[in-house]
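*Asks:* So the chains spell out like this:
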Amino acid sequence: MSLDPATVRRIARLARIRLDDAQVAQMGAELNSILGWIEQLNEVNVDGVTPMAGGTHNMAQRLRADAVTDGGIAEQVLANAPDREGAFYTVPKVVE
Amino acid sequence: MLTDLTLAEARAGLRAGRFSSRELTQAFLDAIAVLNPKLNAFITVTGEAALAQADAADVALARGEQRNLTGIPLAIKDLFCTKGVRTTAGSRILAPFIPPYESTVTANLLRDGAVFLGKANLDEFAMGSSNMASAYGAVTNPWTRRGDNRALVPGGSSGGSAAAVAGRLALGATATDTGGSIRQPASFCGIAGIKPTYGRCSRWGVVAFASSLDQAGPLARTVEDCAIMLGSMAGFDAKDSTSADLPVPDFAAACARGVKGLRIGVPREYRSDGMAPEIEALWTQGLDWLRAEGAEIVDVSLPHTKYGLATYYIVAPAEASSNLARYDGVRFGARSQGRDLIELYEKTRGEGFGDEVKRRVLIGTYVLSAGYYDAYYLRAQKVRALILQDFTEVFQRVDALLTPTTPTAAFAQGERMDDPITMYLNDIFTVPANMSGSPGLSVPAGLDAHGLPLGLQVLGRHFDEETVFAVGAALERAAGFSARPGMLAGV
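Respectively, the protein sequence lines represent chains Z and E. Here the working numbering is used: the first residue of the first sequence is 234, the next is one more, and so on. Here the working numbering is used: the first residue of the second sequence is 585, the next is one more, and so on.
Just chain Z, with the same shape it has in the complex:
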């Protein structure tokens, strides 16, 4: 499996990370090296193995009551916004 520059650009687009052409070339080479190294997992017989989905050992996922336990702290939530107007975050115009 080898990633061509178009695939690297597509992944970067999915990840919303801007890369320039030089970075596409360098990242592409590094990603290929990492993916090539990861191929060793194909040697492992995983037939019938249940995937381990989390880090929790032998414990059922704990659920909580679907109740409001926090809130009313809009100022705290907005305090770190890079830009805001009143009680709103701002973004560039999305709908013309």
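By construction, these hints were calculated from the structure, which means they are not laboratory data. There may be inaccurate statements among the hints.
[What the hints assert, rightly or not] With the Cβ distance kept under 10 angstroms, some of the chain Z side facing chain E (calculated, not the full set):
| id | residue |
| --- | --- |
| 1 | S235 |
| 2 | W270 |
| 3 | V301 |
| 4 | G304 |
| 5 | A314 |
| 6 | V324 |
C-beta atoms are modelled at their ideal positions from N, C-alpha and C, and glycine is treated no differently.
We have chain Z; now place chain E onto it with these hints.
*Replies:* This is chain E only, laid out in the frame that chain Z set:
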């Protein structure tokens, strides 16, 4: 010299009234002022707040109200959110971030009277093994090779925490470990550090990297100091759905248990052909020490060990790509301007993330993308289950495992930067315990031919940190590690 005390000694001195927390805290702030310009172990020093906390501790001590850590100055890895104190995660993208809340682990430490000296440097988003990947500059290891003054790395990602403790800039430090980020820096800096069982410490308020692997733990100069700190850091937290609802044992008491009658496993897969002879010799020495203390040494096999790192480099980036999606330049953190929303996102993340973070987010995005999920991510989760099964089977026969912590001692800044995989191989002995969620402790056990510290790793059963501490403390007593780094402030 107050800064040369262990945490346990400092605590005894405070309780006996031999010195005040203000004196102790000021001694560390003075040491930081002298040495931090060289080590770059702290990103932020909170001197005034620390002295105010110290004064409050002195008032409490005078009233006889002593908690576990009353008046004890600590460093906090800059991955733990601290209310009102900038928390960067070592990233440009969080440069402006001031959390309006306190992480559970740091809140627990404050509850128990600790004093916070400041926020410790780290690899960006805890992704790295050298602390070279911090947007706030590299950290220098207080140790140097004999007759060679080149700056060495402290390991990573908790490199600032480890350098601060080794350089006597704090009595202990919080850290986190996703693939070895507590144990590898502990080994490189000649100190102790434990990654407890997954679920033992709450992840709430800790900047997330890979949520099924991330676990907080302490770094300190001795095993007992780690046990004392972990006693305050650990505990059930309803705000973390993976937090274990179990009582916190008396970890410090477990340090005195000894190892008589314990069965210690030696996993043969950790004995690689390329292993440095002095590391192999130290490992053998460690086994001899435990045997002399009455433990039985048993050869065991963990057949999927060799696949740990490759599995890690699918699972961790996949989770990271999801966790780091939150850095969008809209709700918090840095923003780069764009003509439209997509350009705003892409430029914010392109300019805000460093190269290692980008690599991992891109790998994660790829292995989770349509058509590749089964081949990469699902397969990795299955191999992970096999790694856990290896440990589960072995721990039916033995009480703990002993291995080296790292394949080498600390290396120079700028070394091993040629390709990412060379750097990743640092974590070959530490990653399996993250995959399985097992507790792992690194204990300073000896020096290499250049005079650099080497650590041994003790792995234990889930939620049996007590046995891990018992074995680690026995090793520590036998090793009598008393070497000191070259760069110390005022000792």
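*Asks:* Of the numbered hints stated previously, which ones are contradicted by the structure, given in increasing order?
*Replies:* 1, 3 and 4
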